[in-house]
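Undergrad: Line by line, the protein sequences give chains L and Z. Throughout, the numbering used here is defined as the position within the first sequence, counted from one, plus 106. Throughout, the numbering used here is defined as the position within the second sequence, counted from one, plus 5.
Read the hints as simulated data drawn from the structure, not as lab findings. Yeah, the Cβ is synthetic: ideal placement off N, Cα and C, and Gly gets one too. A hint or two may mislead.
[Claimed, not checked] Part of the chain Z face toward chain L, derived, beta carbon under 7 Å:
id, residue
1, Val23
2, Pro29
3, Val32
4, Val35
5, Ala39
6, Glu57
7, Lys60
8, Phe64
9, Gly65
10, Cys66
11, Gly67
[To be verified] The list that follows gives simulated cross-link-like pairs (lysine-lysine, DSSO-like), each with its CA atoms no further than 27 Å apart:
id, chain 1, residue 1, chain 2, residue 2
12, L, Lys109, Z, Lys94
13, Z, Lys60, L, Lys497
14, Z, Lys128, L, Lys497
15, Z, Lys83, Z, Lys94
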Amino acid sequence: MMKIYADNAATTAMSDTAINAMIPFMKEYFGNPSSLYSTGQVVAEALQNARERAAKCLGCEAREITFTSGGSEADNQAIVSAARIGEKKGKQHIISTAFEHHAVLHTLNKLEKEGFEVTLLDVHENGIVTPEQVKAAIRPDTCLVTIMYANNEIGSVQPIPEIGAVCKEMGVLFHTDAVQAAGHLHINVKEQNIDMLSLSGHKFHGPKGTGILYSAKTIPLTNIIEGGSQERGKRGGTENTAGIMGLVAALEEACGNIDAVTEKLIPLRDKLIAGLSEIPHSVLNGDRNHRLPSNVNFCFEGIEGESLLLFLDDLGISASSGSACTSGSLDPSHVLLAIGRVHDVAHGSLRLSIGENTTEEEIDYMIQSVKSVVERLRAMSPVWRDLQSGKREFIL
Amino acid sequence: MALYSDKVMDHFRNPRNVGTIEDPSGVGEVGNTACGDIMKIYLKINDEEIIEDVKFETFGCGSAIASSSMATELIKGKHVSEAMELTNKAVAEALDGLPAHKMHCSVLAEEAIQAALEDYKSKKAQ
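Here chain Z stands alone, though its shape is the one from the complex (with noise of 0.2 Å):
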């Protein structure tokens, strides 16, 4: 289909770390079915701050599958500080783009791992 990219077409069909984690350090879910998409992403970060591991579930459209599976790529392995500099336009960049009425997409993927990182950051503080 031409409507998205050969990279979107790839991480929807074989997306990348779906699924969940026992246990997670952090877990944040964003989106509500009202308006089609909902992204719960699970964290499981090490002591040194390094996100070990790193799932996802998506309730949405291709482009929401995609973008979950991208933004989990981009952050497995960086240090929490790093992820939390992801931004939607990096993750929709490196799905070699998203239409324009699909970028609200790589916004909730964005969002997604900023909850989880937030939900991480108030355990720990607990």
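Just chain L, same shape as in the assembly (with noise of 0.2 Å):
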């Protein structure tokens, strides 16, 4: 039986490149980078060595680079730093989406029963955002405005230049959360005008638990983490050394392969989404032309998720879902109802994030499987029934 991975969304496997760069940091360069004699020196010539070539990647300067324990992190140290900042001043008006990865949304929740603000704009049937929405919501009070590169459910890509041009000419700090974009899309920081930008090294094929928050030289950072004078003071704990640098040497190799591996993804990625677009009553979640080169999210009407998911792991393939079973609440994924998916239909939601080891065979394979999965799920199905008969109208 076939066994294909489609899950990359969710993590990635490392990379050799990464785990070769881990090893000797784990072995020999042990030492901790604080320390004074030379078994620590090393390691920490390494870690500012690391820090450069991050910031190259990212198109900005070492000092303006964090490393964190992930995305999550980065994020919450974001956006609490925008916050600080903005009630010295006496704004505390924050800009989000509705369909932020919860690292954000609970952040942003916290803030809010501090006192502060949150407009969460609507992000439209296709998952975008528009700078002129971002423009119209900046209030003089505004702090922040925090905007996600590219959705993790259904990969919908942001305009972020375009929203950075907009918040620098308003004179509002914008962060974004590029967990899905780092390493998978061109990003320059400078470029295009973001000031804070949060990734995570296991969506490139780097470890989990590390991460980076890069933010603009000009902005105090506030402390999530107390402790001692590593990360300039302002992210306490001896350095997660190895992982530092299999993060980078991911990010490096990640960086240096996005247009070679777009140009292969792109084109399995759509005979995925024409072939799944042939099941009746489905429908592609995300903007069709602005997502990412891996993702493919769909809602089937009349079935449920988590049964799609435990019948496709049958059949040899990882994939996800937004239903509720899942998320192990009532309630199916937040971004599928930001984008107006109701809950009948929300919860027949399946994500397949394709990488740049995906076949064709596998393309095909994953086609037939899931449409012999849903096919068989709406046999069983009494809303199936009921949708067919007239009982129940089709949304789809």
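From the two separate chains plus the hints, produce the assembled complex.
TA: Laid out in structure tokens, this is it:
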């Protein structure tokens, strides 16, 4: 049986480059970079070198890179820092979108309890926010705009440089959660008017538990983790040296391969979209064109996502869904609800996120497998029966 | 998948009694698409009040399908009064347990059976 990993948006397998970059820092270069003897200093130098390489990938300066435990920590620190800067000036309004990652949304919820006001912009049915919407929402008391680069579920890519330009013009800090975009789309923070950016190592074949917060040098950061003077005193704790080496090696490799990988993935993605579109009463989620080269996300009417995933797993396919049952709550994915999918339909969602190792044969197998499983589940679904008999109206 | 017991996976992969019954003695449908689970139970009950046949249709997750399948197995061939006593706990136990956040699936199965039996009783009373 075929074994297909189609959940690269959840996490990726580590590359040999990343693994090989880490091993020496778990063996001979185990020293603490804060130590003054040479065993520590050699690691401190490697760390500085890694910081410079990471900065080069993002188009910023080395001192603007903070290594974190991942995308969530970077999101938390970026937003809290901007909020603290804002409140000192009496600015307590933040603009974001309804379909951000929970690392952003839950941080915003916390700030709301402190008295901040949050405007969540509509992301439309295609999952895209416009710069005009951002401009219209900015108020004199707005201290931050935080909008994700690409959505993790439906893959829609936002007009980040244009949104950044609006923020720059209006004098408002702009943060982007680029966890799904980094290493997959070309990013240059200066050219794209980004003040702060979060990324996570394991989304581009680096290690889990690693991430970066880029923040322009003019922005004073607020600590999330108090401790020693690591990361310019802005993030306490002995550096995850091996992890950072793996992260930066993976980032360099991914950034160097963006064009080649994109060229390979787009035809595969489009073939998968075309194949799944043949399933009646289905819909592609997220903008058809402005989407990650790896992302395919559909809703199928009359079925539920978890049973779809379980049957696909039986067929060797690892995928994901925004159904309530897979989230452990009664509500389906907030992303699907944000683009206007009603509960009935949102429960029947499927995300396939392919990677550079995905083959055309695997695409064919996935199309065939999804078709057969959807058919099988519809055959036992009372909802599907009612839809077919006209007792219930089709939404899709 | 370690999320579910082998029994749950068996009833999910090979659900027993899937389908519908023509001219059923009773039909019960519970749940709604908003919460993500719908179960429909069809019963064929003879003059001795024995459940001769039972079928189900389910829209829902793996444990919802497995719970429906197991519930139908537990009442098939039983007297109506016996079927009335089916509990969600019995369904979950017969499946070698369900994860805590999936227990509501077994509750739904119990409710679907009860609804179908109530439908049978009200039809009979007419």
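Undergrad: Does each hint hold? Answer for all of them.
TA: Evaluated hints:
The criterion of a C-beta within 7 Å of any C-beta in chain L is met by Val23 (chain Z), whose closest approach is roughly 5 Å, and the hint holds. At its closest, the beta carbon of Pro29 (chain Z) sits 13 Å from a beta carbon of chain L; the interface hint therefore is violated under the 7 Å criterion. With 7 Å as the threshold, the beta carbon of Val32 (chain Z) stays out of range of chain L, its nearest partner Cβ sitting at about 10 Å, so the hint is violated. Interface hint status for Val35 (chain Z): violated, as the beta-carbon distance to the closest one in chain L is roughly 10 Å, over 7 Å.
The interface hint given for Ala39 (chain Z) holds, since its Cβ lies 4 Å from the closest Cβ of chain L, which is under the 7 Å cut-off. Interface hint at Glu57 (chain Z): violated, since its Cβ lies 21 Å from the closest Cβ of chain L, which is beyond the 7 Å cut-off. Violation of the interface hint for Lys60 (chain Z) is found here, the shortest Cβ-Cβ separation to chain L being roughly 10 Å, above the 7 Å cut-off. Restraint check, Phe64 (chain Z) versus chain L: the minimum CB separation of about 4 Å is within 7 Å; hint holds.
About 5 Å separates the beta-carbon of Gly65 (chain Z) from the nearest beta-carbon of chain L, less than 7 Å, and the hint is met. Interface hint status for Cys66 (chain Z): upheld, as the beta-carbon distance to the closest one in chain L is roughly 4 Å, under 7 Å. About 5 Å separates the beta-carbon of Gly67 (chain Z) from the nearest beta-carbon of chain L, less than 7 Å, and the hint is met. A distance of roughly 36 Å separates the Cα atoms of Lys109 (chain L) and Lys94 (chain Z); the hinted pair therefore is violated under the 27 Å criterion.
Between Lys60 (chain Z) and Lys497 (chain L) the alpha-carbon distance is near 20 Å, which keeps this suggested pair within the 27 Å criterion. The suggested pairing of Lys128 (chain Z) with Lys497 (chain L) holds, with an alpha-carbon distance near 22 Å, which does not exceed 27 Å. Restraint check for Lys83 (chain Z) and Lys94 (chain Z): the C-alpha separation of about 18 Å stays at or below 27 Å, so the hint holds.
This entry does not satisfy hints 2, 3, 4, 6, 7, 12, going by the numbered hints stated previously.
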